[in-house]
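Since the structure of chain F is provided, determine the placement of chains D, W, Z, G and P on it from the hints.
Chain residues, written in single-letter form:
6 protein chains.
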Amino acid sequence: MPLTAMMKPSPKSRSELAPLLAFGAHPDDIEFGCGGVIAKETRAGRAAHFVTCSRGEAASHGTPKQRVAESKKSAALLGATVEFVEFNGDAHLEVRAAHAIKLAGLIRRAKPGIVLAPSLVENQHPDHAKLGQFVRDACRLARYGGIKELRRAQSHAIEQLIYYAVTAEAEPANITPVLIDVSAPDVLKAWTSAMEAHASQMSARNYVELQLTRARLRGLRAGTGHVIALFPNDPLILDSLAHMSRGARRF
Amino acid sequence: MPLTAMMKPSPKSRSELAPLLAFGAHPDDIEFGCGGVIAKETRAGRAAHFVTCSRGEAASHGTPKQRVAESKKSAALLGATVEFVEFNGDAHLEVRAAHAIKLAGLIRRAKPGIVLAPSLVENQHPDHAKLGQFVRDACRLARYGGIKELRRAQSHAIEQLIYYAVTAEAEPANITPVLIDVSAPDVLKAWTSAMEAHASQMSARNYVELQLTRARLRGLRAGTGHVIALFPNDPLILDSLAHMSRGARRF
Amino acid sequence: MPLTAMMKPSPKSRSELAPLLAFGAHPDDIEFGCGGVIAKETRAGRAAHFVTCSRGEAASHGTPKQRVAESKKSAALLGATVEFVEFNGDAHLEVRAAHAIKLAGLIRRAKPGIVLAPSLVENQHPDHAKLGQFVRDACRLARYGGIKELRRAQSHAIEQLIYYAVTAEAEPANITPVLIDVSAPDVLKAWTSAMEAHASQMSARNYVELQLTRARLRGLRAGTGHVIALFPNDPLILDSLAHMSRGARRF
Amino acid sequence: MPLTAMMKPSPKSRSELAPLLAFGAHPDDIEFGCGGVIAKETRAGRAAHFVTCSRGEAASHGTPKQRVAESKKSAALLGATVEFVEFNGDAHLEVRAAHAIKLAGLIRRAKPGIVLAPSLVENQHPDHAKLGQFVRDACRLARYGGIKELRRAQSHAIEQLIYYAVTAEAEPANITPVLIDVSAPDVLKAWTSAMEAHASQMSARNYVELQLTRARLRGLRAGTGHVIALFPNDPLILDSLAHMSRGARRF
Amino acid sequence: MPLTAMMKPSPKSRSELAPLLAFGAHPDDIEFGCGGVIAKETRAGRAAHFVTCSRGEAASHGTPKQRVAESKKSAALLGATVEFVEFNGDAHLEVRAAHAIKLAGLIRRAKPGIVLAPSLVENQHPDHAKLGQFVRDACRLARYGGIKELRRAQSHAIEQLIYYAVTAEAEPANITPVLIDVSAPDVLKAWTSAMEAHASQMSARNYVELQLTRARLRGLRAGTGHVIALFPNDPLILDSLAHMSRGARRF
Amino acid sequence: MPLTAMMKPSPKSRSELAPLLAFGAHPDDIEFGCGGVIAKETRAGRAAHFVTCSRGEAASHGTPKQRVAESKKSAALLGATVEFVEFNGDAHLEVRAAHAIKLAGLIRRAKPGIVLAPSLVENQHPDHAKLGQFVRDACRLARYGGIKELRRAQSHAIEQLIYYAVTAEAEPANITPVLIDVSAPDVLKAWTSAMEAHASQMSARNYVELQLTRARLRGLRAGTGHVIALFPNDPLILDSLAHMSRGARRF
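Protein chains in written order, with the working numbering: chain F, 753 to 1003; chain D, 753 to 1003; chain W, 753 to 1003; chain Z, 753 to 1003; chain G, 753 to 1003; chain P, 753 to 1003.
A few of these clues could be false.
When chains are identical, the list treats them as one kind, so a pair holds in a single copy or across two.
What the hints assert, rightly or not - Taking lysine-lysine and the DSS-like style, the derived pairs with C-alpha atoms no more than 30 Å apart in a straight line are: (1) 863 <-> 825; (2) 854 <-> 824; (3) 854 <-> 900; (4) 817 <-> 941; (5) 854 <-> 817; (6) 900 <-> 825; (7) 817 <-> 900; (8) 824 <-> 900.
Just so you know, the hints here were simulated from the structure itself, not pulled from any lab data.
Okay, chain F solo, but in the shape it has when bound:
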């Protein structure tokens, strides 16, 4: 019996898995940046909820109505639910205290263990890094007891804030990534389908090929199929070296 098998949570633990909350600036960001991880987690029994902060109305392709429909279909393919929250609209995000407080309220309502947000690297779509910044702030504010706008919701401490990179350029250079293997055929298929569900975005650039090539390169480097890199906001505490025994290099 291999060690990694032994490490997996047993079936009865599924109900105890705290839900995952993922934030995206545009209807397809979460799917393109880390959809394979979402598919893997929901298949393992974890609830996943998406909060999307625009309807993609500044993009060159797709109407807001189409984008919302595509987004709901895509989230369903990943086993997740999705809701839309407005912050002045696509291409209009700003880092404002009120935005962070509003997201903190959503965190208090969803009570997630892990929060996923776009990375803070600034050389990407301006909305991505800005959203990442106020999600990070929101994770802290969710715990503080005295914020008057949030007094009706019980304060909540998340476990970890983890960044995903919508594009290769958005991968932070100052955080060692943690890699998640998404090679299982059903996971890879769900991820691909979820990306393709954003049909209005398929005409322009090779977005799906780009993401699969990124994941394949990580996979080839690690001697496996496809791998997605995530970037934790803070160092991990692991209970044992056993969890450190698989690395991105094949010695």
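Okay, now just chains D, W, Z, G and P, sitting in the frame of chain F:
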């Protein structure tokens, strides 16, 4: 039943844990740098072996004979075995291909999963970074099939190379650490005893207080007791976000 | 007569020491981040004034009224005065030009030599880095002659802007720190008392132990008692190598 | 009476200034890299000694005999003495333990407070970084009591190791510099003369103009005349914020 | 016939050179930061247009009216045109979505190939980095088809965004510079004249000497006269190694 | 007529292109790391010569005799010549002055403009970074007039030293890459064939797929086919912004 408890390997898996191989430049480096992690791993059933590359004969205090005796006592307190290998002596280490090949031979013999080595940060005792460098090289050479000096030993691929930092200055700035909680009373006690077993080194500087203060500061930051930071040579592949749910920050 | 003693300003120079101006986002930030340095400077005859930009009303513990009272008591223990300036309130700070101009006005009034501000590291309480950013801007604006909001106050050029880190995570990785020894018993005692004066914050986390452990670790590394790290915004110009003769490493 | 004046060591302290020991790979490295600082220190009463590790025999211009003569003349102009030590010759330096031990012996003999060495940046003349590396190692070995080759010399703990950059490319990016003002006319003149004393090197490239332009640019940025940047191996411990009051930026 | 000569665009290509669009926060920023490059490009037949985002009304010297007149004269000396756009005024810039959208509209109108903007380094005049940030955002928004405020202007994809550094402190450490030789006498003269045209700024600090010293130091390092460093937002794609054959180091 | 076409050297310039000299530690390193660039350059008329520093005798697959034969075939497919130089053998490289001097002699003989070497990143096969280090040193030594071992060969100044990365892990983080488009069908085919010519290495890992995936990911990010990243040792001097007009991001 908490999730972290469920993640622990079950007792019957102990025999399957690949042994841990730790390298040190001087008789007390492993103990001071990551003794608490060793204690925790051996208590969890993993075999640990130390390879020490000098008898500390350049130090201001302690004879080589004393240092070897202290080292054996200390390793035993941590549940580990120890052997001594010479590379021209204390304060005389150099980065040489022959040294890496010699260590690769030891790796082939011990067949470890995880290898621990001093960090590569150069602003520390010159022997530490130099040893780290040729341990890293040795981990690769252990796998290559055509090295003539090693032809009699079967090639071996380790799982991960992980660095420890003998001092705070030796913590690499370019690797996000992974934290191991060593707060359990028996672990902390074994670590402290193992450090104190190097009695000849106790006269000069507050080495034990220094290490415990380092670990306590990491622990306070993470909301627990004592924590040791390790630095993997390559990114980790984790099987699930469940292993990422405990972070160094208390949100 | 030791050299460091000779370097100290003589008593009659005290009246010539330009006052120190320290900015904090919350009532206890200055004390926790660099209270020991303040105590040392005021004991050496330098005037110190704190500008605190909220009453801590978003915190889980303590009312604004309590916080202000604690803050005044704490500042007095450090030999400093304190005033409160509002920028939309605790957890509501934003980087706005008007905020920087307002602080520039305070700088023109106080005419400090050295300004202390929270570090710019973003992975900390959102108010800290934001305040640091507009203090930095304010230090520049204080000198510019044409800012219309400030025309009634004479422009003022500070000597140095120095950052303190409220927590270990907030220590900037891209600035080599400068260390200040705060081991003198009266200094250490004043610092500890000033932190404990924030009684409403003592219930939750081990904040005082955390700061003293940070300072003790720095002290142990340098072969002394307790040390606080500061981070100058710009390189220092020193008049002689004599001032460089004490370093953080004991060779 | 200005504060900086008060900080200066008084004349009677001169005898107490520990000597300065500077290492160079080639006959003109110290002069080009930090000659102005040497001139300022010797004028303040500090003894300075140069150890040069080749006779420049690999250079395109100048014979070893000429280079030694130029070097002696140049050192004298700076108020320093010079000796030559061989490590296989110009362009043949290697990082060897025996070299570090040999230099450690020289350190034990000279008993310096401050040691100056070429920076560790690798993208410069190969001898420079290699020498910097074994000077750093030597500074540690000088203190260790048990090194058999050095048993006849009393161990010595230096105060600080400080790097100079022979060229702009050699300035380390990971150490915040400390700036020394060398604008005083006699200091600037001594430095210029010392560089020009290396007459055999004047034909090829504009070395003197290069160094003066570097120092002038640093000076212009700081609002003064000429400034040389130095790079301490370890953070400075300063006794007071008074020493931090002059910075590289004119606010 | 030297290779670099062969690489130059032939005269008939001039009409095909896409115009250059440069943004500055204050009337003299572009000239001081990269005026020599502008002069060189306009002499090679490229059209250049400046957008200046204040009239310098917060500066200690010069009235807005004077500054505008100086700016027009200076731009003409460089062969460029200039227009003024207001964003709340000098020392009042903020990173706002509306500002980026407004600049995106200017980009759509001017249809530049290359856009020049002040670098993003934060430790400089607060307006510089803030402008750089929203120029970067604007370059992306100029291409997006659905931004409602911009619907009347055709979307435009620029070729490259390149940063200039107004001061040495503003040079980004995380981008390898690309160097442009501005040693040709007419280029150097045009640049110097353009800087001196800002007569109101000449009284205070040695700004012209500072810029020429910066460029001379870069030139000396590369074995030529004067050189200006630019910092591309994204890696260059070059068609051949032939374009890489001249480097900043003289081997 | 597009600008990039105009920039290309005209056919008659081919004889004037200085030859390219590429160094590899093992028989397939150059091909895997930058074979597409070699193919493109030789097709443009530049001579290319490979110096390989082992026969791959430490690898798990292929005899030295096979490796040499494969190497010659592969070089021919790229339009290059190849020679073998021994430095103690595969997996036995060390950074020694004598090695750098030996390579400097080869540089003097070949008189290249551009030199290609494996990157200096240490976390790769130990031979790669070590070879990169002494190639860098060799490029400098080739110019120095007084090195006695090289007196019979005329000194030679190369134009640029450029690193290639054999694997993705070997890409330097501190140098902004320069990208070369290798999408032309004949170039891509020549590169693929050259990699496949190392038939003995095809059995074990997906090396060809790995390299093509790396190049495809770079290509997708830049909106083209396949792209190889190179890393210049020193900043480029470009003659015009025209050469900077194509970037790695499609705005």
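Looking back at the hints listed earlier, which ones does the structure fail to meet? Violated hints: none at all, because every hint is consistent with the structure.
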